[in-house]
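2 protein chains.
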Amino acid sequence: MSVRFNLDAGLLFNADIPAEAAATVEKMVGEANKTLFRKGVPAGVPEDEIGRIEDFSIAGSVLGLRIRSGPYTRAHDALFRFRKLIAPSLGKFRLGLRDMEIRSFWIEMRGEFPEGFRMPKLPFILSADRSGDTLKISLRMEAADLENKVPDRLVRLIEEKFQSATYGGKAEHWELIFSSGPKRTMNDSDPTEQMIKQGWIRHALSRGQWIHGPQSVRLWRTFEKIVLDEIIAPLGFTEMVFPKLTPWEVWKKSGHAKGVYPEIYYVCTPKTRDPEYWEDVGDYFKVTGEVPVDMIRERIDGPIGGLCYAQCPSFWPFVQGETIANDCLPIRVFDRSGTSHRYESGGIHGIERVDEFHRMEILWLGTAEQTVGIADRLHEAYMRVFENILELEWRCARVTPWFMAQEGMVGTAQDTITTPSETACCADRVGTTDYEALLPYSGSWLEFQNVSINGNKYPKGFSVKIQSGTECWSGCSGIGLERWSASFLAQKGLDPANWPEKVAKIYGEPEEIFRFM
Amino acid sequence: MSVRFNLDAGLLFNADIPAEAAATVEKMVGEANKTLFRKGVPAGVPEDEIGRIEDFSIAGSVLGLRIRSGPYTRAHDALFRFRKLIAPSLGKFRLGLRDMEIRSFWIEMRGEFPEGFRMPKLPFILSADRSGDTLKISLRMEAADLENKVPDRLVRLIEEKFQSATYGGKAEHWELIFSSGPKRTMNDSDPTEQMIKQGWIRHALSRGQWIHGPQSVRLWRTFEKIVLDEIIAPLGFTEMVFPKLTPWEVWKKSGHAKGVYPEIYYVCTPKTRDPEYWEDVGDYFKVTGEVPVDMIRERIDGPIGGLCYAQCPSFWPFVQGETIANDCLPIRVFDRSGTSHRYESGGIHGIERVDEFHRMEILWLGTAEQTVGIADRLHEAYMRVFENILELEWRCARVTPWFMAQEGMVGTAQDTITTPSETACCADRVGTTDYEALLPYSGSWLEFQNVSINGNKYPKGFSVKIQSGTECWSGCSGIGLERWSASFLAQKGLDPANWPEKVAKIYGEPEEIFRFM
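In order, the protein sequences belong to chains Z and F.
Residue 216 in numbering that gives the first Met the number 0 sits at position 217 of the first sequence; the count goes up by one each step and never skips.
Residue 425 in numbering that gives the first Met the number 0 sits at position 426 of the second sequence; the count goes up by one each step and never skips.
Keep in mind that a hint or two might mislead.
Identical chains share a label here; the pair holds if one copy fits it or two copies do between them.
Here are the simulated BS3-like pairs of lysine-lysine, each with C-alpha atoms no more than 25 Å apart in a straight line [to be verified]: (1) Lys148 to Lys285; (2) Lys224 to Lys504; (3) Lys270 to Lys251; (4) Lys501 to Lys224; (5) Lys464 to Lys252.
Derived by calculation from the structure, the hints in this document are not laboratory data.
Could you put together the complete structure from these sequences and hints?
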């Protein structure tokens, strides 16, 4: 798809531009077209793809410019470059640049538009007309929008939608890497039902939310000990505490702001802490026994963000803007300090799909080689745990990376992530490996954890550099305690007598502290 | 303050009431006034304080009733009692009761209204006129509102406001129980500043929120180990996992819905999970780089509740509606599974006052004696920890109970909690003990944890009973990890070499895994 940018703008000076300045303007326009606009453009790019001032006009205090470009030194970039050139030149005539006006800005995109393509409703668009293979988009732009690169983002987004209409329905990527083969199972029932019946868990009062009793939590702590002893300690990970309320600032940098909206639990703040402002809300409850949701709605701001969704983005402000010393790499940390929340499809479902869940999140960063190396060692460690300790029937597969899925994308990382050539050795390793366990009661497979190599995505988003200058990469791995429980109990049942020896030994004697009449 | 209820209502039958039925009605009215309305009224209550049908009328299919009462068998209760009596009696005349209409309902409250008293804006009120010592309140009531006991709640609330206007400005209760006396301090600086400087913590991107690095988390885990070894294990507490998103249903039963609104982080849910519904929100971000908060606001429901504020209410649905066997009491559990959130006053402040914090919450329930007994043992255990292990300069005091403070009340529990006489032995023990540590850098005292005996409040709110029939009580104790850190580090400094031996030993070698250029 080819693209052309068309910009008519005016530079407003503090006084009328004298006739004798015309020659200077003409000279500067020539210089800009000939050299300034070519800076940074690769050799061999055709003339008409590079920004160019096609015409100018002087009327009173305004210098009018007609700028056209293809994808190189785009019309709006050309405008800002030219502004820097012309302002001092006209200073000689005692003219000061006061302001800029964008008279019109339109983009032409040319390509074979697929059958199903319809122009999306997007901000800034005055009109969008398609005629044959050409889409002409008129924009309402102010200088600040151009400086903020709005046209570039718009073009990228339209291209993205164009591609999704062309290659739409592209399947989730899924490619088997390893399968444990069949294992003996000790259970053919739904473990959630069994846990409820035996008092291990009880549904809480919000959707997809459970209260875990002593037996269930003891199993979680058993898993946690296995992870600490077999994975965290030998691989040298150190505990940190990542925040659990995620403000927009984090999701803007992590990329989640692109598409995570349907599944977020949003967080809003009171407009004020003044108790008087809230008195009648409390009074309403005291009188009716009901909480006046509509009254509250009018008194809250935001949303300011949402509850923890992916666990690792909140780590990154700790290193944001920093250059990390070579000798402390690879950095290896983990967090197990709170809940994650996803607005899942409705109804009460088992502990394998919940709205509120608990996860140990492992995170590492370093050079590309270091990052890939740790992912490999982590995979080996998990393998030992699943094979020799939990004795699960499991498999793992390369899938669409979680960071793409959470931005609403399909395909593989190689479709979207570009890294410098120095990391070429590892570039095809960027992506997510899902670990799945068989649920004998349903015959289906449950994704119970993953390992991801995220390439340069987060270091880039949060401006993290490495002392040596080589690109910084990162990886993460989420261990879902509900998912581990669901997988393990579905295959082994709730009776520790039937569990693999090591697990049963750590678990110890089951405790029943509640007895109801 | 005395109160009178005045109700004019009509019972609507399916056909005209025949003249021969009048004698039956008269007989039933007499019977109701003489016996039915006196059931449950203590002996010696004056005649005119008990509900009474003062007059009735028959017009077509409607039986009109004029009912008056003082505080006993209130007019609306009398109406429902009479309905049950009259319906079968008129069945003999082939009359079926179809409906009820509330023609008018007003309440008279008489008392010495204080200077500052103004009638609060409350729901259901048509008019409220005060003349001298009498407040006459006309209500818009439907039968369902009367059945839902709205008038009783209104009267209680007005009395509460009357009292608060009378005794307003009643001080927070604070009564010293114990003081450790002066201890040698190793630090006179603000520990937050020191932690930032030494890379232990870094402010996160939401207000009052920190990311904790390895050194800080190691101290938390040191505290956690001390609590587990010295308190949790010897006193026999077992770990559970309480939910961290709190829906209104929980706060309605816990009482928080009465007044916690100014400090809540509210949670809202997407109107739908349909990705198409959210597509233009993501597009807006992709084009502008900004999250369109107003667009999102229109697409979310709720708030459905808020983030965990007090940690123990979310436990109670686990036992809600149950009768607990004698032999498993006292039940002793704890939770350390996630964050609590409070909308604190603005600005960046130290780790002693944060919006997002971490707490181990200890909870127990049983008979009044058991509950008080555990609180006492817990206090002794804390005392040993603060004196012999942390070696803190600390004190503790009886304060306004947290469950009252969080409902916007002052005073002591004895002002509000009433329990049966069987618990008289323990009644004066209901309340909260705060533990405070000296912050040498400011000379002020920081509340760093508490122990509370909550009486029958939560078992009552969540309908929990004990097999023996004796009243169920509960207690709780919150250990704030940020507050423990702030107290300990403010007194001992950040260098483990200066820490009490036992703490330093568990903490071990400090780890610095980050080094920035």
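Hints and how they fare:
1. Lys148 to Lys285: Between copies, since 11 Å is at most 25 Å while 53 Å is not.
2. Lys224 to Lys504: Classified as both: same-chain Cα gap 12 Å, cross-chain 22 Å, threshold 25 Å.
3. Lys270 to Lys251: Both: 24 Å inside a chain and 22 Å across chains, each within 25 Å.
4. Lys501 to Lys224: So Lys501 and Lys224 pass the 25 Å test inside a copy (11 Å) and across (24 Å) alike.
5. Lys464 to Lys252: within (15 Å within a copy, 51 Å between copies)
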